[in-house]
Amino acid sequence: MNNVQAFPQIVITINGKLLTVQDMQGLAEIRVRQGLSVPAQCELLFRAPPGPLTEAEKVKIGAKVQVDVQGTLFIGEVTAVEHVYTAQNVHEIYVRSYDALYRMRKNQSVRIFKNARLSDLARKFAAQANVNLAKSNTRGVNTQWPLVYQHQQSDLELLNDLAGQVGLYAVIKGAELNLVSLDGRGDPIQLTLGGNLNTARIETNADALVNRVEVRSWNPQNAEYSQIDSARLNGITVSSRISQQIATSKRTLINKPSAHSGAGKIAAEAELMQRAATGVRFWGITDGHSGLQPGVIIDVVGVAREVEGLYVLTEAVHTINAQSGYETELFTMPPTAPKKSSSDVITLGKVIDVRDSDNLGRLKASLPTYGDVETDWMQMLSPGAGAGKGFVAPPEKGDMVLILLVHGNPAFGLVIGGLYSEKSKPPETRGLGNKIAGNAWITAGGQRVELDDGKNVIRLENNEGAYIEIAGDKITIAGGAIDFKRV
Numbered sequence: 021m022n023n024v025q026a027f028p029q030i031v032i033t034i035n036g037k038l039l040t041v042q043d044m045q046g047l048a049e050i051r052v053r054q055g056l057s058v059p060a061q062c063e064l065l066f067r068a069p070p071g072p073l074t075e076a077e078k079v080k081i082g083a084k085v086q087v088d089v090q091g092t093l094f095i096g097e098v099t100a101v102e103h104v105y106t107a108q109n110v111h112e113i114y115v116r117s118y119d120a121l122y123r124m125r126k127n128q129s130v131r132i133f134k135n136a137r138l139s140d141l142a143r144k145f146a147a148q149a150n151v152n153l154a155k156s157n158t159r160g161v162n163t164q165w166p167l168v169y170q171h172q173q174s175d176l177e178l179l180n181d182l183a184g185q186v187g188l189y190a191v192i193k194g195a196e197l198n199l200v201s202l203d204g205r206g207d208p209i210q211l212t213l214g215g216n217l218n219t220a221r222i223e224t225n226a227d228a229l230v231n232r233v234e235v236r237s238w239n240p241q242n243a244e245y246s247q248i249d250s251a252r253l254n255g256i257t258v259s260s261r262i263s264q265q266i267a268t269s270k271r272t273l274i275n276k277p278s279a280h281s282g283a284g285k286i287a288a289e290a291e292l293m294q295r296a297a298t299g300v301r302f303w304g305i306t307d308g309h310s311g312l313q314p315g316v317i318i319d320v321v322g323v324a325r326e327v328e329g330l331y332v333l334t335e336a337v338h339t340i341n342a343q344s345g346y347e348t349e350l351f352t353m354p355p356t357a358p359k360k361s362s363s364d365v366i367t368l369g370k371v372i373d374v375r376d377s378d379n380l381g382r383l384k385a386s387l388p389t390y391g392d393v394e395t396d397w398m399q400m401l402s403p404g405a406g407a408g409k410g411f412v413a414p415p416e417k418g419d420m421v422l423i424l425l426v427h428g429n430p431a432f433g434l435v436i437g438g439l440y441s442e443k444s445k446p447p448e449t450r451g452l453g454n455k456i457a458g459n460a461w462i463t464a465g466g467q468r469v470e471l472d473d474g475k476n477v478i479r480l481e482n483n484e485g486a487y488i489e490i491a492g493d494k495i496t497i498a499g500g501a502i503d504f505k506r507v
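Everything in the sequence shown is counted per the numbering used here, starting at 21 for the first residue and increasing by one.
Calculated from the structure, these hints are not laboratory results. Some hints here could point you the wrong way.
[Claimed, not checked] Here are the computed lysine-lysine pairs in the DSSO-like style, where the Cα-Cα straight-line distance is at most 27 angstroms:
{"id": "1", "residue 1": "LYS144", "residue 2": "LYS84"}
{"id": "2", "residue 1": "LYS37", "residue 2": "LYS80"}
{"id": "3", "residue 1": "LYS155", "residue 2": "LYS144"}
{"id": "4", "residue 1": "LYS443", "residue 2": "LYS409"}
{"id": "5", "residue 1": "LYS359", "residue 2": "LYS270"}
{"id": "6", "residue 1": "LYS155", "residue 2": "LYS285"}
{"id": "7", "residue 1": "LYS494", "residue 2": "LYS445"}
{"id": "8", "residue 1": "LYS84", "residue 2": "LYS134"}
{"id": "9", "residue 1": "LYS276", "residue 2": "LYS445"}
{"id": "10", "residue 1": "LYS417", "residue 2": "LYS370"}
{"id": "11", "residue 1": "LYS134", "residue 2": "LYS270"}
[Unchecked claim] Listed next, with one range per pair, are the computed distances between beta-carbon atoms:
{"id": "12", "residue 1": "ASN157", "residue 2": "PHE411", "range": "48 to 56 angstroms"}
{"id": "13", "residue 1": "GLY322", "residue 2": "SER362", "range": "40 to 48 angstroms"}
{"id": "14", "residue 1": "GLN343", "residue 2": "LYS134", "range": "49 to 57 angstroms"}
{"id": "15", "residue 1": "ILE502", "residue 2": "LEU439", "range": "53 to 61 angstroms"}
{"id": "16", "residue 1": "GLU77", "residue 2": "GLU177", "range": "29 to 37 angstroms"}
{"id": "17", "residue 1": "GLY215", "residue 2": "LYS84", "range": "35 to 43 angstroms"}
Quick caveat, the model's predicted, so the values are computed rather than measured. Glycine included, every Cβ here is placed at the ideal spot set by N, Cα and C.
Whole structure, please, built from the sequences with the hints as guidance.
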């Protein structure tokens, strides 16, 4: 980079090797983009002339990169190298790197986590990405789910999904994974318009703001439902203050499957906070400052009084080049969560346990098409089910059943009924044959109830051959011994 001494001290190491002043002569630009819930990206642009590109040409995918500018700005690994040759005989090399969230985004498994605490899952994913989980007392970080299934999701997608349910976001700072909320973290960094804040744009938009969120949820495991209203915002940010002043409408989240009683309240509060941050948005360009990163609180002064105050950064873009020097572009618009499918999914299950200690007629099954992961206790569809009544015909261990996964999530399954197959054919019936002319109920132990509409016959039989048969107006009782008793 030309006139390196005119900039803050820049230290770049690649695979632990420090770039020398001579190596830095070919460095034309550094751009680091950081955001909540996404991997931070660092792009180093090397150009010759002025060159040289000796060290840049040696960089390979997988190389470790660290950039320090007034402190650590980026740590990650190279994921792409691009060579550009122009008509002016200029050779450019773009070296692009991502931080540790990139590894989480690349890793995908089919597995189950029981009694999953958010902090424990985050620590596990962080360790697999070779970083540590930062200590935190942030509200929601210890939220626990009875059962979490990872399927069709990367580690990062699952972490973002669970963290998002409690209003938290993943971000790497240095070599640590942090879970931060829209309340921010640390002491505020003051930005003064006309001083270190060069340009600012602040928008208040009532369209997204609400003063109350209601959540209507239900638990597929026990068929219970709940209705929760959120509390008002208590944050100290400008968005919280303005939201409380002007928001008048209500937002209702309906049909939310939930595995624990506190989930509805947490979801309501997270929705309220996210909407407040969306309704009051700050954008600005400041003198470069490596401490301005997602999750950091800024104190904006020198602007209109009603929008002066605290904001929480959600995105920061650090740019260093000869044209603009070192600048940091700031955003406070919260990330939009990927729209989750609300479509239900049908899949096969193999019954593995029917001994429901709560006596709710539930069962557990393994899911062959989901890597044989095991479900939690699932309710089963039963005709006429109600308090003390209904047709009770539960499947048995080893039976194949058809399962409805609510919103496609194996943690929320409902058993629709049993299935026959080539390996598990239906039992033979005396009168029904292959014609659909009646009904039969036959247990695994050989007890039988047959209703034959074709022959107008009703037959009740046990596994020893004793039976009662009603054929037309004739009743037959057969057995080794027949006793009639008055009660």
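Hint by hint, here is what the structure shows:
This hinted pair checks out: LYS144 and LYS84 have alpha carbons roughly 22 angstroms apart, not beyond 27 angstroms. The suggested pairing of LYS37 with LYS80 holds, with an alpha-carbon distance near 14 angstroms, which does not exceed 27 angstroms. The suggested pairing of LYS155 with LYS144 holds, with an alpha-carbon distance near 14 angstroms, which does not exceed 27 angstroms. Restraint check for LYS443 and LYS409: the C-alpha separation of about 33 angstroms exceeds 27 angstroms, so the hint is violated.
Using a Cα cut-off of 27 angstroms, the hinted pair LYS359 and LYS270 holds, with the two alpha carbons roughly 21 angstroms apart. Restraint check for LYS155 and LYS285: the C-alpha separation of about 24 angstroms stays at or below 27 angstroms, so the hint holds. Taking the CA atoms of LYS494 and LYS445, the gap is near 32 angstroms; set against the 27 angstroms cutoff, the hint is violated. For the hint pairing LYS84 with LYS134, the CA-to-CA distance comes to about 35 angstroms; that exceeds 27 angstroms, so the pair is violated.
Of the supplied pair hints, the one linking LYS276 and LYS445 is violated, its CA atoms being roughly 38 angstroms apart against a limit of 27 angstroms. Using a Cα cut-off of 27 angstroms, the hinted pair LYS417 and LYS370 holds, with the two alpha carbons roughly 8 angstroms apart. Our distance criterion of 27 angstroms between C-alpha atoms is broken by LYS134 and LYS270, whose separation comes to about 35 angstroms. In this structure, ASN157 and PHE411 meet the distance hint of 48 to 56 angstroms, their C-beta atoms being roughly 52 angstroms apart.
At roughly 45 angstroms, the beta carbons of GLY322 and SER362 sit within the given window of 40 to 48 angstroms. In this structure, GLN343 and LYS134 meet the distance hint of 49 to 57 angstroms, their C-beta atoms being roughly 55 angstroms apart. Roughly 39 angstroms separates the CB atoms of ILE502 and LEU439, a value that falls outside the hinted 53 to 61 angstroms. Look at GLU77 against GLU177: about 35 angstroms separates their beta carbons, and that is inside 29 to 37 angstroms.
In this structure, GLY215 and LYS84 meet the distance hint of 35 to 43 angstroms, their C-beta atoms being roughly 37 angstroms apart.
Comparing the model with each numbered hint stated earlier shows that hints 4, 7, 8, 9, 11, 15 do not hold.
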